[in-house]
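Listed below are the residues making up each chain.
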Amino acid sequence: MESIRIEETGLNLEATELRLGLPGRDKIEKETISSFNKNKRAAPKSAEDDESKANDDIKHHHHEAAPAAKAQVIGWPPIRSYRKNNFAPKKAEAEYGNYVKVSMDGAPYLRKIDLKVYNGYTDLLKALENMFKLSIGEYSEREGYKGSEHAPTYEDKDGDLMLVGDVPWDMFMSTCKRLRIMKGSEARGLGCAV
Amino acid sequence: MDPVRKRGKNLSKSLDSTQPASFPDEVLEQVFSVLKSRKDRSSVSLVCKVWYNAERWSRRKVFIGNCYSVSPEILVRRFPNIRSVTLKGKPRFSDFSLVPHDWGADIHSWLDVFAEFYPFLEELRLKRMVVTDRSLEFLAKSFSGFKALSLLSCDGFSTDGLKAIATHCKNLTELDIQENDIDDLGGEWLSCFPETFVSLEVLNFASLHSDVTFDALERLVDRCKALRVLKVNMHIYLEQIKKLLLKAPGLTELGTGSFLQLLPRQSAELETAFSRCKNLHTISGLWELSSFYLPVLYPACANLTYLNLSYATLQSDELAKLLSNCSNLRRLWVLDTVKDEGLEAVGSSCPLLEELRVFPADPFDHIMVQGVTESGFVAVSNGCRKLHYVLYFCRQMSNVAVATVVKNCPDFTHFRLCIMNPGQPDYMTNEPLDEAFGAVVKTCNKLQRLAISGLLTDRAFEYIGKYAKNLEILSVAFAGSSDLGMEAVIEGCPKLRKLEIRDSPFGNAALLYNLNKYESMRSLWMSACNVTMNGCRVLAKLMPRLNVEVMKDEGSGNGADKLYVYRSVAGPRRDAPPFVLTL
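First to last, the protein sequences are chains Y and A. Each residue of the first sequence is one higher than the one before, starting from 578 at the first, in this note's numbering. Each residue of the second sequence is one higher than the one before, starting from 618 at the first, in this note's numbering.
Each statement offered as a hint is correct.
Pairwise CB distance ranges (calculated):
no., chain 1, residue 1, chain 2, residue 2, range
1, A, K653, Y, V694, 51 to 57 Å
2, A, D798, Y, D691, 38 to 44 Å
3, Y, E720, A, T889, 22 to 28 Å
4, Y, D691, A, N999, 31 to 37 Å
5, A, R882, Y, K661, 36 to 42 Å
6, Y, D737, A, R882, 20 to 26 Å
7, Y, G683, A, N999, 54 to 60 Å
8, A, N999, Y, M748, 37 to 43 Å
9, Y, D691, A, P1194, 54 to 60 Å
10, Y, K754, A, D798, 38 to 44 Å
11, A, S944, Y, D691, 28 to 34 Å
12, A, A885, Y, D682, 32 to 38 Å
13, A, K842, Y, G736, 47 to 53 Å
Note that these hints are calculated values from the structure, not bench results. Note that CB positions come from ideal geometry on N, CA and C, so glycine has one too.
In isolation and in its complexed conformation, chain A is listed as follows (with noise of 0.2 Å):
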């Protein structure tokens, strides 16, 4: 059994004369430790004293989804037994270079705080905080337990802190390092991993950029017989895809390096090796692909059930020969570069598809106009009636084709439409593209999350406001011709939790509509909109439970450039750098 903290005696509740028969503590937090779904465990809590104490104990994992929100004093003192922690840092419009670099979101406080309070953490699973090389070394110094480690759309470390996980985890079982911005200084690190270790399961270097020593992986491969997942970075090649395959004939994940460079004899062995991956169900990877060698994967196709191209450029009929084998694939990513052509083929060889996302190979192409259009989305529409979540970027779309996927596919759940010229209209008839999402959100009961594009006034917020009543995170851009439309979407829409606007005429009045909305949401993002710093310090001093932080542009007057606003038990920040104003 675990090792875990134990109560103290004086918060037990035995069976007490004057109170009705009670579970003793411990039997309450053995049942409680059955329920993982967030949701239930926050509503457990809320039952009564010695439920909140029972659920509390017996929590062995959190999501934190915004880093500032809770502190690790408050964290580690309500919960004792943490096992595993998930933490967002940065508003997710810094994926988009609109938040400075320096701006926080540091793992290290809790580092040490959990060193203290946690010391039998075995998981970390971040997304956009600053992780240093020296915060990796400490934790893998500070947690003989450590298991898995997982860093997605982080920056502020090198390969020289993946040395240190390597060296010291001894019980790793995931290393998980995705598109994050690190300075890659070489592929020594995978060869730090010792050679008695062997209790890899997860390994997804994909996104480095330097070589690693095959040698080494091969080895590490070979002796962790439970690795399940498995994706390379592109200095690895066919030829060696085929000796790790033979490794690891279990794998159930795939990324491969670049697909290149194989001697004929080499194909056959490769397919083969492919036929023997009998539970493999999602590839990845294909770095500078060459389409020549891709009948290589059909032995392997019929069992996929997620497909991610989006780093391939495939073309029409390339991505059409491929998914002939692939009908049962649930989730497809893929390039713009397959074209519409591309997208029929998806639609009629892909049945009960589920997810589709299409990238722009080209996305600051002005001169060449390529891609994909509406008519590709409506072909996928028309073959792929489960798809429920769609991300789309495309250079012209129409109210009408929108109407027809959402009749096609009525259940979508997560649609992010983005038309990649701002407040671009509908193409064939001028007007805006109010309708089209008008047809989203009245057709699509159950939608979770909403990104809108294209040209678009105040009716398409009226739109959202009156039926997306499942709606939980707005993105918005270049959209809207008054207050009118964001206060549309903060009265209408109960379960709204992250809204995020930019470049939209939305002013103070918006923002000051309904104050108590923002302590239901997880936060507000406004940058480059109509609010000033006035109105931001209204919000502010009305709502103190709110951190209200601005950030200025240089010689921007009264306007409050880029505004940041969420709830928080912790308080305003104590690490904001000069640049973020706390209202």
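Bound-form chain Y, shown alone (with noise of 0.2 Å):
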């Protein structure tokens, strides 16, 4: 900006100087970043390609000019500073999935699942069936998976073995550290009211 500073008196020459290259270039070199090269698009939208193929060229040689970093400007991007200050969202479990190892007692070897695709319990519990050619039955609060040989349960943030299904989908997706699938007897012991 430091070659377009008006003088107090002067005739201001220098803004209606004639130059080579784009206006403003001075100020861009110093202050922007490029993101050009991060914005690769897998395939460029239709009527646009053969421009685009065209301009590669002259925005790869951009990204050497400009900085690869810019120091963060106050107040920009102009956002109130209460959704600022008030709002960090979830970005990388928005990405990947929900792994966790499921365990079958007796079985020789563990499985994994995502927990992100099922729509809730009923899910869950059918996908497990169907995984381990078993049959879980029904949840219920009293009394647990009852009239079942087997019993699904959970390994919490805790460490503490849980039942599955006693509490809300969501804040299970988000303790479950791993599934066990327990049977019989010990199972049972699970299940039962005391």
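Please dock the two separately framed chains into a single complex, following the hints provided.
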């Protein structure tokens, strides 16, 4: 910006000076970041196809010229402080699955499932039944999974062994570390009211 | 009939033999009392002295867009019977930390005068003002008929001030606390509404952080039968929302709390509760969203006209599923986590959409570039031809895309485009985005508000000056090449009211180009531009009826780092802090 600062009483010649290159270029090279190289699109859209290929060279040249990173500018982008301070979106979770190990008593190896693909407990239990060729039955608050040889349990964040189905689904999704399908007498013990 | 102040007899002009027959003033006042529009009232007051007086006695609501443009004393002298006051304080860029904390705009001096002259004050709506707990307590105790308090983007108070409001305002109908910078000392304030208090119609505490006693809230909702707007904060969960909805099925606007934690059987109950809310047209909140529960909203979606998802991290498919139920939507606010695919769903599901705002979930993230691009923008414009208000934060844009958007939607009144990297050119051609905004102003004749960004030369401003004849508000950042840019706008936009500029190469020549213009505007803000102290002094000297205020950064020599110019009938500020230099 120094190059076009106006003299107090002068004629401000620089503003009308003929120059090569895009206007405002000096300012850009000092201040902006080029994010073009991170914006690679897998399939350039329709009509712009030809132009974008030709322009790739130009874009590339400009990358070299621009600085790699920029200092954060105060008050930019123009977002109210309330929104800035009170909002931290969960990024990573959105991208990747929520995979947990599933073990079944007596089985030689473990499986892994992505909790995110299920629509709730019913869905999850049906999938487990299919995967391990067994029947788990229906959940009831009082009696757990009665009428079944198996009980679905999970290990939560605190390391405790919990019965699947007691807590809201989203809470289960965020606290479940691994699943374990118990069977036989041990399972019955867990399901029965004491 | 309200107790109103009566005029003295000597002001009355009844039938006089030398004058043509005229209405008695009381009749004129009655006639004028139906005038609601500010512009109409303004016109009416200019007709003649009789009408001027009738208008001022009959006015009940006043709007002051800049609290320093007039003083409370002048206000009460002209309008003796005001019931509702709306005041805006700090310049808009204070929202983005560009104005120091103790700049001013304190409401208290106004309240002192109101307590004496407007004892029947009912409504106070403040934006960007400083409000202290002491002021809130004073307000609560001074106006026995006080009904509605709305605070947006204000600062200086804590929940203790809200306690005073809840305790003393027996006739309160509206408490609307939005996005303020306040000290949240706890949720006890809500429990301060007495058990006999039943008049609440609007309650918005969505932006407060601490937990309120749910029991107290439930009882409050239960006994306030006229409650139509309820926006709770993130400490309220879905199970509790269900209880509240069952008590208030007549709600027109609901701000949910955290959209979490519902057991399967509770899901069905909540869905039923939503289906009973036949008047619900607005939903917001959805803090900490688990999209798993979104289906509970579906019964209410068909009636929704305004959906504010700007705090909900939704993915594209989640949004698409939700919107497929919302064919009646007129206003939609979302986060850019929905990406272009999400916006395509907007275009295909919401043909009646009039307003779209897309906020960045991660505005300072330089590494992982996500969010929306120009293609999402175009997709929305293809499907939503009635779009007239847009606020769009993105990381890439092209001239062609913007031209397509306005070709699809020529009725834009508000076009606010924020390309988040300052000075970024058209990503396809690497040219400035002048043609983009050229297309906007050429095509959208009704354009009132414009915010520009990206790489822009004086040409963009020439377009604006030449075509944007209805433009009232212009926001400029990191744009332009010379004084000619700003001059084109000053010269060409007859209806310009607010011009706010930052980090652009405009200097004294532009500032002094047309001095009289500033008297037809509410205000001018220029920060990090090329104006100097001398230029500002010249302006101040030649235009004594303007307030010319400068805030300087340390060690900046002759530069006027932050300049704020506004017209005022109250003269220079008497409460300016030392860092605000009044020239």
